Amino acid sequence: MIIKKFQAQSETEAIMLAKEDLGKDAIVMNIKTIKPKGLFRIFRKTLVEVTAAVDDVSEKKSANDKADGNKTSTKINAKIDEKLHPERKQEMDESKELEEKLSNLAMLLEKQIETQKTQKKNTEKEKKSEDKTDEKKKETLDKEEKTEQVSLKSKSIELIINQLTNNEVSYQYAKQLLDEITSAGSIRTLDDMLACVYQKIILKLGQTKPIIEEKGNKKPQIIFFMGPTGVGKTTTIAKLSSKLMLEEKKKIAIFTADTYRIAAVEQIKTYANILSIPVEVIYEVKDVEKALPKYKDYSYILIDTAGRSHKNKNQVDDLKKLYDSFSKYNILTYLVLSATTKYKDLKNITALYKDMSEYNLIFTKVDETDAVGNILNIKLDTGMPLSYISYGQNVPDDIEVMNPQVIAKQVLGGGESYGSGR
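So the sequence shown is numbered by our numbering: it starts at 1 and just counts up by one.
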């Protein structure tokens with residue numbers, strides 16, 4: 001994995017630098033503003049720093065180190081010419097005496113040569129014995145080093161899994177993340193492992209899907225909100241209506257079918273009156289056909305529905321009939337969930353609503369919990385896109401498009417939580 005930082009005068013320029021350097025598969029891991037410091041800071045411009053990463057897949061090569069050992073061998077060859085040629089025949093006795101002396105000398109030289117050969121063999125045996133001892137020591141050190149590396153790696157994996165599960169990421173997904181990271185075999189330090197897990201979480205959270213107007217669509221786009229009782233659907237609709245009208249200058253209408261909850265209609269009308277947004281109350285499915293023609297020139301119609309228990313299939317069937325009454329229009333569906341709901345209940349809720357329609361995920365009440373691991377759990381369970389995150393009652397401020405980088409930092413125990421002045 002390659003991780004680099006790029007600085008430019010704007011976020012777009014910094015990201016372009018990252019893409020040019022690292023390629024189109026580069027992932028933006030962090031964006032921060034760098035303000036100039038020092039005595040002449042007023043003459044300097046504020047910079048934007050982007051931290052980006054890309055997988056560095058390279059072929060693994062194995063090289064067998066070859067130790068060149070210089071082997072020296074010494075050979076002593078001695079040839080002794082035992083043949084003597086007498087110079088004078090008349091000195092035979094002296095010649096014989098000389099022959100005897102030379103013969104004795106040859107025997108002495110032969111003994112010295114044998115002694116040297118024996119000493120050399122002994123030296124070579126000692127050297128081989130020392131080499132074997134050194135090899136055993138090296139093998140022992142290598143085993144100890146490998147054992148230590150395995151131990152450190154195991155402790156790092158355990159530490160990260162504990163951090164994820166403490167933030168309510170399911171053990172199954174936490175272990176899956178670490179298995180995917182460590183299977184490559186190239187990660188050695190805890191920092192490397194954390195960086196890779198962080199990037200993996202961002203990739204698994206995927207691209208968010210906020211409300212975007214479809215060009216060329218002549219009919220109003222239906223934004224259908226559904227979810228259990230008490231998750232904050234009505235407040236979420238008020239926040240998004242405000243943003244769409246005030247920030248994007250769109251024509252908005254609200255239909256509410258939440259006629260079961262006391263004061264629910266009055267609550268949405270209060271928000272709508274402040275913004276001068278028309279509201280239609282839907283008591284029966286047939287009311288939809290009567291109301292829709294009035295708003296044919298509008299950009300969006302936001303549908304507020306009554307909270308339905310995931311344990312009551314009849315209520316969900318009623319909701320499906322309401323949903324089908326908008327079938328002639330382009331429908332964008334959002335399932336609103338509370339971040340404070342238990343994971344087991346969230347699994348049952350998402351499974352039931354999936355039978356009715358494909359949907360995008362909105363998580364509310366994020367400010368009321370310290371652990372956001374269920375966001376990752378439900379994303380991986382359903383495969384549905386994430387969209388918005390809500391963290392308070394202020395309209396329209398306490399809602400924004402979900403940022404996978406922020407969620408990844410939170411489940412790893414870093415960064416400030418939503419609603420805490422992040």
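Be aware that one or more of the hints could be misleading.
Said to hold, decoys possible - Only pairs whose alpha carbons sit at most 20 Å apart, straight line, appear in this in silico PhoX-like list of lysine-lysine: (1) Lys19 to Lys35; (2) Lys209 to Lys342; (3) Lys24 to Lys4; (4) Lys342 to Lys354; (5) Lys117 to Lys127; (6) Lys45 to Lys35; (7) Lys204 to Lys251; (8) Lys175 to Lys219; (9) Lys215 to Lys175; (10) Lys218 to Lys328; (11) Lys269 to Lys215; (12) Lys249 to Lys286; (13) Lys121 to Lys111; (14) Lys342 to Lys286; (15) Lys342 to Lys328.
Don't read these hints as lab results, they were simulated from the structure.
This structure is a prediction, so every number in the text was calculated from the model and none was measured.
For each hint, the structure was consulted:
1. Between the alpha carbons of Lys19 and Lys35 the distance comes to roughly 24 Å, so the proposed pair goes past 20 Å and is violated.
2. Between the alpha carbons of Lys209 and Lys342 the distance comes to roughly 24 Å, so the proposed pair goes past 20 Å and is violated.
3. In summary, the hint linking Lys24 to Lys4 is supported, as the alpha carbons are separated by about 14 Å, within the 20 Å threshold.
4. This hinted pair checks out: Lys342 and Lys354 have alpha carbons roughly 18 Å apart, not beyond 20 Å.
5. A distance of roughly 15 Å separates the Cα atoms of Lys117 and Lys127; the hinted pair therefore holds under the 20 Å criterion.
6. Distance restraint check for Lys45 and Lys35: the Cα-Cα separation of roughly 8 Å lies within the 20 Å cut-off, and the hinted pair is therefore satisfied.
7. Restraint check for Lys204 and Lys251: not satisfied, since their Cα atoms lie roughly 35 Å apart, outside the 20 Å limit.
8. Only pairs whose Cα atoms come within 20 Å are accepted, and Lys175 paired with Lys219 is rejected, the gap being roughly 47 Å.
9. Distance check on the hinted pair: Lys215 and Lys175 sit about 43 Å apart at the alpha-carbon level, beyond 20 Å; violated.
10. Distance check on the hinted pair: Lys218 and Lys328 sit about 12 Å apart at the alpha-carbon level, within 20 Å; holds.
11. Distance restraint check for Lys269 and Lys215: the Cα-Cα separation of roughly 29 Å exceeds the 20 Å cut-off, and the hinted pair is therefore not satisfied.
12. Restraint check: the Cα-Cα separation between Lys249 and Lys286 comes to about 30 Å, which exceeds 20 Å; the hinted pair is violated.
13. A hinted pair counts as satisfied when its Cα atoms are at most 20 Å apart, and Lys121 with Lys111 qualifies at roughly 15 Å.
14. In summary, the hint linking Lys342 to Lys286 is not supported, as the alpha carbons are separated by about 36 Å, beyond the 20 Å threshold.
15. Annotation: proposed proximity of Lys342 to Lys328 is violated, straight-line Cα distance about 36 Å (limit 20 Å).
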